[in-house]
Amino acid sequence: MQEWYDAIKSADSIDKIEEIRIAVFGKKGIMNAEFARMKDIPDAEKGTFAKELNIHKEGLNALLVDRKLFLAMEHLQATMKAEAIDVSLYSTDTERGSLHPVMETMDRIVEYFVAMNFSVQTGPMVEDDFHNFEALNLPKYHPARDMQDTFYFKDSMLLRTHTSPVQIRTMLSTQPPIRMIAPGAVFRRDYDITHTPMFHQVEGLVVEEAGKVSFANLKFILEDFLKTMFGDVEVRFRPSFFPFTEPSAEVDISCIFCAGEGCRVCSKTGWLEVLGCGIVDPNVFKAVGYENVSGYAFGLGVERFAMLIHRIGDLRSLFEGDTRLLEQFR
Amino acid sequence: MIVTKNWLNEWIDLTDVSTELLLKTLNSIGLEVDRHDAIHVADGVVVGFVEKCEKHPDADKLNVCQVNVGKEVRQIVCGASNVREGIHIALATVGAELPGGLKIKEAKLRGVDSHGMICSAKEIGLPSMGEGIMILDASIGELVLGQNLNQYGLFNDDVIEIELTANRGDCLSIHGVARDLRAALSRPLREKNVKDDQEGRLGIGRILQLQHTETFNAALLFGAVEVKELSVPLIISLRLAIIEEVYTTAVDAVLKYATQSTGVILRAYPFEKFGDVENKGIITLETDENGYAALYGKEKLSVIGVSQEKEAHFGANEGLAVIEASYIAPDVVSQKMGEKKVPSCPHYYRTSRGSEPSIEMGIRYAAELFEKYSSSQVYGGNIELTSSYEPRIISMVEAEFESFIGLKIDKTRITQIFKNLGLDIGKPKGSTFAISVPKFRHDIVNKQDIIEEVVRIVGIDNIPSKPLVFAEANQMSDDLAEYRKTRLYRHRAAQSGFYESVHFVFNERVQVEKFGFVCTEASKELLNPITATFDTLRPTLLMGLLNSASANVKVNQKKIALFETGMVFNTDRQESKHIGFIVSGAMESEKIANAGKPAVIDFASFTKLIADVCGSFELVSHTPTHSLAHPYVCAKVFINGAEAGELFRLHPQVEEEFDLPQTFMCELKMDTLPYALIEAQPYSKYQASYRDLSVIISKEVRYETIKAVIEKHSSAQVRRFYPVDRYVSESLGEQMSLTLRFVLQSDEKTLEEEDINAAMEWILSGLRDELGAGLR
Chain U
837 MQEWYDAIKS ADSIDKIEEI RIAVFGKKGI MNAEFARMKD IPDAEKGTFA
887 KELNIHKEGL NALLVDRKLF LAMEHLQATM KAEAIDVSLY STDTERGSLH
937 PVMETMDRIV EYFVAMNFSV QTGPMVEDDF HNFEALNLPK YHPARDMQDT
987 FYFKDSMLLR THTSPVQIRT MLSTQPPIRM IAPGAVFRRD YDITHTPMFH
1037 QVEGLVVEEA GKVSFANLKF ILEDFLKTMF GDVEVRFRPS FFPFTEPSAE
1087 VDISCIFCAG EGCRVCSKTG WLEVLGCGIV DPNVFKAVGY ENVSGYAFGL
1137 GVERFAMLIH RIGDLRSLFE GDTRLLEQFR
Chain B
149 MIVTKNWLNE WIDLTDVSTE LLLKTLNSIG LEVDRHDAIH VADGVVVGFV
199 EKCEKHPDAD KLNVCQVNVG KEVRQIVCGA SNVREGIHIA LATVGAELPG
249 GLKIKEAKLR GVDSHGMICS AKEIGLPSMG EGIMILDASI GELVLGQNLN
299 QYGLFNDDVI EIELTANRGD CLSIHGVARD LRAALSRPLR EKNVKDDQEG
349 RLGIGRILQL QHTETFNAAL LFGAVEVKEL SVPLIISLRL AIIEEVYTTA
399 VDAVLKYATQ STGVILRAYP FEKFGDVENK GIITLETDEN GYAALYGKEK
449 LSVIGVSQEK EAHFGANEGL AVIEASYIAP DVVSQKMGEK KVPSCPHYYR
499 TSRGSEPSIE MGIRYAAELF EKYSSSQVYG GNIELTSSYE PRIISMVEAE
549 FESFIGLKID KTRITQIFKN LGLDIGKPKG STFAISVPKF RHDIVNKQDI
599 IEEVVRIVGI DNIPSKPLVF AEANQMSDDL AEYRKTRLYR HRAAQSGFYE
649 SVHFVFNERV QVEKFGFVCT EASKELLNPI TATFDTLRPT LLMGLLNSAS
699 ANVKVNQKKI ALFETGMVFN TDRQESKHIG FIVSGAMESE KIANAGKPAV
749 IDFASFTKLI ADVCGSFELV SHTPTHSLAH PYVCAKVFIN GAEAGELFRL
799 HPQVEEEFDL PQTFMCELKM DTLPYALIEA QPYSKYQASY RDLSVIISKE
849 VRYETIKAVI EKHSSAQVRR FYPVDRYVSE SLGEQMSLTL RFVLQSDEKT
899 LEEEDINAAM EWILSGLRDE LGAGLR
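Protein sequences appear in the order of chains U and B.
To get our numbering, take the position in the first sequence, counting from 1, and add 836.
To get our numbering, take the position in the second sequence, counting from 1, and add 148.
No wet-lab data here; the hints were simulated from the structure.
Every residue gets a Cβ at the ideal spot worked out from N, C-alpha and C, and that includes glycine.
Treat the hints with care, as some may be off.
Here chain U is said to cover these stretches of chain B; the calculated rule only asks that three of the stretch's residues, wherever they fall, bring their Cβ under 8 Å from a Cβ of chain U [to be verified]:
1. 164 to 178
2. 304 to 318
3. 552 to 561
4. 624 to 636
Dumping the calculated DSSO-like pairs for lysine-lysine here, alpha-carbon to alpha-carbon at most 27 Å [unchecked claim]:
5. U:Lys990 x B:Lys725
6. B:Lys256 x B:Lys203
7. B:Lys488 x B:Lys458
8. B:Lys595 x U:Lys976
9. U:Lys845 x U:Lys864
10. B:Lys172 x U:Lys1048
11. B:Lys270 x U:Lys990
12. U:Lys976 x B:Lys587
13. U:Lys1048 x B:Lys595
14. B:Lys672 x U:Lys976
15. U:Lys1122 x B:Lys587
16. U:Lys1104 x B:Lys172
17. U:Lys1063 x B:Lys200
18. U:Lys990 x B:Lys662
19. B:Lys556 x U:Lys1048
20. B:Lys575 x B:Lys556
21. B:Lys428 x B:Lys448
22. B:Lys575 x B:Lys595
23. U:Lys1063 x B:Lys172
24. U:Lys1048 x B:Lys559
25. B:Lys200 x B:Lys219
26. B:Lys253 x B:Lys219
27. U:Lys1104 x B:Lys672
28. B:Lys756 x B:Lys739
29. B:Lys488 x U:Lys990
30. U:Lys976 x B:Lys489
31. B:Lys614 x U:Lys1048
32. U:Lys917 x B:Lys739
33. U:Lys1122 x B:Lys595
34. B:Lys488 x U:Lys976
35. B:Lys672 x U:Lys990
With the sequences and hints as input, model every part of the structure.
The following block contains the structure:
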């Protein structure tokens, strides 16, 4: 019997184990042959013989199962080892595309104002003088029109110079209260290092009953908005002039490049101009036939935000579809 | 608008105001500081007097000067052509360090010792003032030999450039800026003498007379000066250089300086233009051929607030000059200009924004300069044309200040602000203010303009931030849904490997027409395009994508996949939103998995990419309407039965023209892309069976035809079918073998063999009868 124990222990393959199993436990195996000998064993010894035989039966079986499991594991390990690859060869850049930094910035701006219960409104790019200028307190021959070099068409239509005509259209088609933003492309006839003939704006307008909206409300939302967009920055309001608001202000944030110390980007001032805003001029309300209302409006250039947030140095690169820029935003 | 601190100080006391506070104050009252440069001439640059000036013995172009610097006389070798005996100069003494790091040392020039350097303005860090050294004069203050130049205000100053908004014509002068600072700094202006001291002068009435028959909405004032021995003093020439103003004659310099100081429009004419002294000169005011108020002497001399005839300028250095100060309301002159544009001079910038209406102050200021810096004689009195001005009155209730601003400001503070701004408010009646607006503030016309003044002076920093309380409302507009739909497709495109690009909505008309696109109707075309390459509105997104892909190839990019969502315009300039795609060259980057040879984009891969973004669609053979597309690899795209756009390979000639490898493009109308919520359909619980059918059929037959026949002959159990293999060979000749896979399923039971066979047999019979197909 001992020789079988040794045989199992030294078996080196699953096939060999199977051979041994058949030789020991098969129909014609030695175990059956031993039990067959029972009938020749004197009765007095039968008990001892059977007991001993059963011990061997269990012992051999246990050993066999163990050995088989061991060999199976060993085989699996060998197989897997053969399948080994150099994973570091496969380190790879994503093949995903990306959203354009200006459009993605616009998305973030829109989401902020949607969360503040503003509605989103759009309007045509080809506009008329009334919606783009006249109704916005920019009468013909007003020197402020010089601020906006306009693209005209032969039939005296024009490309909107700001998204403000959308505010006029919204005011004409609905009634206060109004809380709206108008995101979209706008056009000015200017093309150099810091100007492109098309760029994007988001403008906002709030109209409520007279006496309800104050400059303090405008300050609150714009401070909160700018901190949402730029993080922990200081916000500064400077009085300024826009024909459609009065009082008007330009809004600066402390320079995000030098933390207000003064650097090239902020022209050593420590501040970056990012927004224009004000209390809606009464002439604008008059143009749309609103009476006894109050409101504020603001507007910003999306390219400027995108360039500051993503540290993009060249405005024109945003319109060139250059993969070397775009792939960085995957 | 450029100002300097010392120049401002002549109009308002700024001695106790630091430069930092001045800059901050200007910004906070809405006069945005664009630039600040300090002028500070280095220590060791002192006042010197050239006592002697002799030719250098060994150099033609050098002079040897003896320069008195008070305690001693130093020998200086100087190469400037304008050095001469008897002038005061700026001497950089040994040890002085000039801008640019030049350190003055003892030197020997061609064998002659030189103990310093006589400087030009530029060499000591001032703006360039022409050739040669800078000659000092008493206009800068008493000339004390040996005194450091930086002890004089002119050489120790702050230059501040202010970006003025279009409404603030009143700040287009030193006087105007000082006036605005008055309210912010709560202090008075230094009063200027505007009184005309006529004693001992010839009266102007003897030599000049004004005539007009019409009334004019302008104010004019004329004076006369017999100009004698006038040369431009240093304070004027240097300050004009600082504000980057050029002048022609000394008279021109004095008037430009006076205009910059006071804001009043000043012109000078030679007296002969009006007549001769014996017979009196006659100034005639008339409406000119363009409808403008114009000034005539013997001929037309100027247009009020707009221009001056070339021959009418006082071009001489001596002689009798007629000086004119004028004011015309900015809205009057700019409206006129809008109606009928005429040539204008630089003064028009001021008049169209509102020049200073205190014309008497302007003319007196100029007259004083003439008398101070020359032996010119100013005639007594003025000849004037006045225009009446009724001050605008704006009434406001105290509570309105708080409701607009969001901050309670007390009555006394409000009163004080208006007083300092020069706005007369009389005595408030109860809580009502009646505010009277002076002529120089043409920008103040309504309550909110008044509010703005208070906001500026109080400072926006001092206004609290308060959230607005409002009634909630459903703001889910159609435009928001549209915006979100576009955003969804943009995200999908980015996820499918496309880079989002943004192009101008302009195309080059010649280029897009060459490729067969139709542009904006000629009568509605852009009037003033910025360049010839952007001279029309784009009728398609394709050109922008194509040009960008081409630019990418030129910088050696091998894998190009771009998309854009944006507006395109029809001939009537109606906008519609499209989404466009381009894939050019490799489909993926080079890597181990593709052994460095990524596959080039092909039709099947491109359609898969588009389907990943846009969902399922159907392609129908299509002959392209433009010449960008390969004539035989071009399809119309249908989404849910609606025509959505085109998908095609780029024409090989266009690929060549744009240096592109194999390229595919697609442009779809956004409104055909689905965005509705999905309704789930019931689906069968029974097992589906798959059957392949291979038919031999003519190569000429398009799959869309085969598909139509199969659909006609499909029983309800045929759930789907699709082509899986197309095989052609020489032995098949004009035929092809097409293998189709069918998915069959029933809602009621698991299909039996005979059900399936019957369904397949019917399809096969249809193909056989209608298309002559045989079983392979």
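Checked hints:
Only when three residues or more bring their CB closer than 8 Å to a CB of chain U does the claim for the region 164 to 178 of chain B stand; here the count is 4, and the claim holds. Counting residues of the region 304 to 318 of chain B whose beta carbon lies closer than 8 Å to any beta carbon of chain U gives 4, which meets the minimum of three for the stated coverage. Coverage of the region 552 to 561 of chain B by chain U holds [criterion: at least 3 residues with CB-CB distance below 8 Å; count 4]. For a cut-off of 8 Å, the count of residues in the region 624 to 636 of chain B with a CB near a CB of chain U stands at 7, and the three-residue condition holds.
Note on Lys990 (chain U) and Lys725 (chain B): the hinted pairing holds, with a Cα-Cα distance of about 24 Å set against a maximum of 27 Å. Proximity of Lys256 (chain B) to Lys203 (chain B) is assessed by CA-CA distance (about 15 Å); at most 27 Å being required, the pair is judged to hold. Between Lys488 (chain B) and Lys458 (chain B) the alpha-carbon distance is near 21 Å, which keeps this suggested pair within the 27 Å criterion. For a cut-off of 27 Å, the pair hint linking Lys595 (chain B) to Lys976 (chain U) stands: about 23 Å separates their Cα positions.
Between Lys845 (chain U) and Lys864 (chain U), the direct Cα distance comes to roughly 22 Å. Compliance with the 27 Å bound is thereby established for this hinted pair. Among the hinted pairs, Lys172 (chain B) with Lys1048 (chain U) is inconsistent with the structure: their alpha-carbon atoms are about 31 Å apart, more than 27 Å. With a C-alpha separation of about 51 Å, the suggested pairing of Lys270 (chain B) with Lys990 (chain U) is violated against the 27 Å cut-off. Note on Lys976 (chain U) and Lys587 (chain B): the hinted pairing holds, with a Cα-Cα distance of about 22 Å set against a maximum of 27 Å.
Between Lys1048 (chain U) and Lys595 (chain B), the direct Cα distance comes to roughly 16 Å. Compliance with the 27 Å bound is thereby established for this hinted pair. Pair hint Lys672 (chain B) plus Lys976 (chain U) holds up; C-alpha atoms about 21 Å apart against a cutoff of 27 Å. For the hint linking Lys1122 (chain U) to Lys587 (chain B), the alpha-carbon distance of about 25 Å falls within 27 Å, and the restraint holds. Simply put, Lys1104 (chain U) and Lys172 (chain B) have alpha-carbon atoms about 14 Å apart, close enough for the 27 Å limit, and the pair holds.
With a C-alpha separation of about 68 Å, the suggested pairing of Lys1063 (chain U) with Lys200 (chain B) is violated against the 27 Å cut-off. Annotation: proposed proximity of Lys990 (chain U) to Lys662 (chain B) holds, straight-line Cα distance about 23 Å (limit 27 Å). Under the criterion of a C-alpha separation no larger than 27 Å, the hint pairing Lys556 (chain B) with Lys1048 (chain U) is consistent with the structure, at around 14 Å. For the suggested pair Lys575 (chain B) and Lys556 (chain B), the alpha carbons sit about 20 Å apart, so the restraint of at most 27 Å is met.
A distance of roughly 18 Å separates the Cα atoms of Lys428 (chain B) and Lys448 (chain B); the hinted pair therefore holds under the 27 Å criterion. Between Lys575 (chain B) and Lys595 (chain B) the alpha-carbon distance is near 18 Å, which keeps this suggested pair within the 27 Å criterion. Among the hinted pairs, Lys1063 (chain U) with Lys172 (chain B) is consistent with the structure: their alpha-carbon atoms are about 23 Å apart, no more than 27 Å. Note on Lys1048 (chain U) and Lys559 (chain B): the hinted pairing holds, with a Cα-Cα distance of about 21 Å set against a maximum of 27 Å.
For a cut-off of 27 Å, the pair hint linking Lys200 (chain B) to Lys219 (chain B) stands: about 16 Å separates their Cα positions. Taken as a hint, the Lys253 (chain B) and Lys219 (chain B) pair is honoured in the structure, with Cα atoms around 19 Å apart against an allowance of 27 Å. A threshold of 27 Å between alpha carbons decides the hint, and for Lys1104 (chain U) with Lys672 (chain B) the separation of about 46 Å lies outside it, so the pair is violated. The straight-line distance between the Cα atoms of Lys756 (chain B) and Lys739 (chain B) is roughly 22 Å, inside the 27 Å bound, and the hint therefore holds.
With a C-alpha separation of about 19 Å, the suggested pairing of Lys488 (chain B) with Lys990 (chain U) holds against the 27 Å cut-off. Of the pairs offered as hints, the one joining Lys976 (chain U) and Lys489 (chain B) holds, with about 13 Å between alpha carbons and a cut-off of 27 Å not exceeded. Between the alpha carbons of Lys614 (chain B) and Lys1048 (chain U) the distance comes to roughly 12 Å, so the proposed pair stays at or under 27 Å and holds. At roughly 25 Å between alpha-carbon atoms, Lys917 (chain U) and Lys739 (chain B) fall within 27 Å of each other, so this suggested pair holds.
This hinted pair checks out: Lys1122 (chain U) and Lys595 (chain B) have alpha carbons roughly 14 Å apart, not beyond 27 Å. About 12 Å separates the Cα atoms of Lys488 (chain B) and Lys976 (chain U), which keeps this hinted pair within 27 Å; it holds. Straight-line distance between C-alpha atoms of Lys672 (chain B) and Lys990 (chain U) comes to about 5 Å, which keeps the hinted pair within the 27 Å bound.
The structure fails to meet hints 10, 11, 17 and 27 from the earlier list, while all remaining hints are met.
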